[in-house]
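Chains as they are written, first to last, in the numbering used here: chain E, 1 to 109; chain C, 110 to 222.
Derived by calculation from the structure, the hints in this document are not laboratory data. Cβ coordinates follow ideal geometry from the N, Cα and C atoms, glycine included. Treat the hints with care, since some could be wrong.
Stated by the list, open to error - Computed beta-carbon distance windows for the label pairs: (1) Ser188/C to Phe14/E: 34 to 40 Å; (2) Asp62/E to Arg204/C: 23 to 29 Å; (3) Lys15/E to Thr114/C: 33 to 39 Å; (4) Thr68/E to Pro148/C: 39 to 45 Å; (5) Arg3/E to Thr220/C: 27 to 33 Å; (6) Arg172/C to Arg3/E: 40 to 46 Å; (7) Pro117/C to Asn64/E: 22 to 28 Å; (8) Gly125/C to Lys73/E: 30 to 36 Å; (9) Glu191/C to Arg53/E: 40 to 46 Å; (10) Asn64/E to Lys166/C: 26 to 32 Å; (11) Ile121/C to Lys15/E: 25 to 31 Å; (12) Arg3/E to Gly112/C: 26 to 32 Å.
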Amino acid sequence: AQRVTQPEKLLSVFKGAPVELKCNYSYSGSPELFWYVQYSRQRLQLLLRHISRESIKGFTADLNKGETSFHLKKPFAQEEDSAMYYCALSQRAGTALIFGKGTTLSVSS
Amino acid sequence: KAGVTQTPRYLIKTRGQQVTLSCSPISGHRSVSWYQQTPGQGLQFLFEYFSETQRNKGNFPGRFSGRQFSNSRSEMNVSTLELGDSALYLCASARDGLTGELFFGEGSRLTVL
């Protein structure tokens, strides 16, 4: 069955420290993977897509098909990065996404 | 441009009742999808509509239904409410729905007593 796993419910780091939010997936086809973010009192929004291969707000994510992972990384965390992060997988054409349970990132000074 | 608008934002119902939630997508977006968010199960896909046709459907019972109108606005209905239907229902719109790039509304929080 298709599944997205985010093993950490909470990740706490200090400002300036590197961040890695883990995401593992199980999927039988060619997946499209995404990271969505929800800042406090804001809507859930797209952060980045694996096919774009771009860096957004300093975050990058590489799809590793061998390890079935799509970890989100940032070399130097900022306090404004504190938010809930969701990894998601697109299982077919359209907008039917499978979401992980989410990881709360807390960045403190 | 205006974002995705969902109404009502909060509502309380009792078991056995039915509820209708409404979603107005971003102008020009033709795809509307619905998700249920609960603390235990997280975000789960309910269904997607594109050009008034249901294109995808999640693993929910038939009590959950939806529709889309010619102006792309969408409604979802839950009949014979159960306590476990208490959740935040999120609507998301997309331009063509061919990718997973979704624009979410703030949600409708349903409490079933």
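Right, here's what the structure says about each hint:
1. Ser188/C to Phe14/E: 34 to 40 Å: 50 Å, violated
2. Asp62/E to Arg204/C: 23 to 29 Å: Given range 23 to 29 Å: holds, Cβ gap about 26 Å.
3. Lys15/E to Thr114/C: 33 to 39 Å: 36 Å, holds
4. Thr68/E to Pro148/C: 39 to 45 Å: Because 26 Å falls outside the window, the suggested range is violated.
5. Arg3/E to Thr220/C: 27 to 33 Å: 29 Å, holds
6. Arg172/C to Arg3/E: 40 to 46 Å: 25 Å, violated
7. Pro117/C to Asn64/E: 22 to 28 Å: For Asn64/E against Pro117/C, whose Cβ atoms are near 43 Å apart, the range 22 to 28 Å is violated.
8. Gly125/C to Lys73/E: 30 to 36 Å: 49 Å, violated
9. Glu191/C to Arg53/E: 40 to 46 Å: 44 Å, holds
10. Asn64/E to Lys166/C: 26 to 32 Å: This hint holds: roughly 31 Å between Cβ atoms.
11. Ile121/C to Lys15/E: 25 to 31 Å: 41 Å, violated
12. Arg3/E to Gly112/C: 26 to 32 Å: 30 Å, holds
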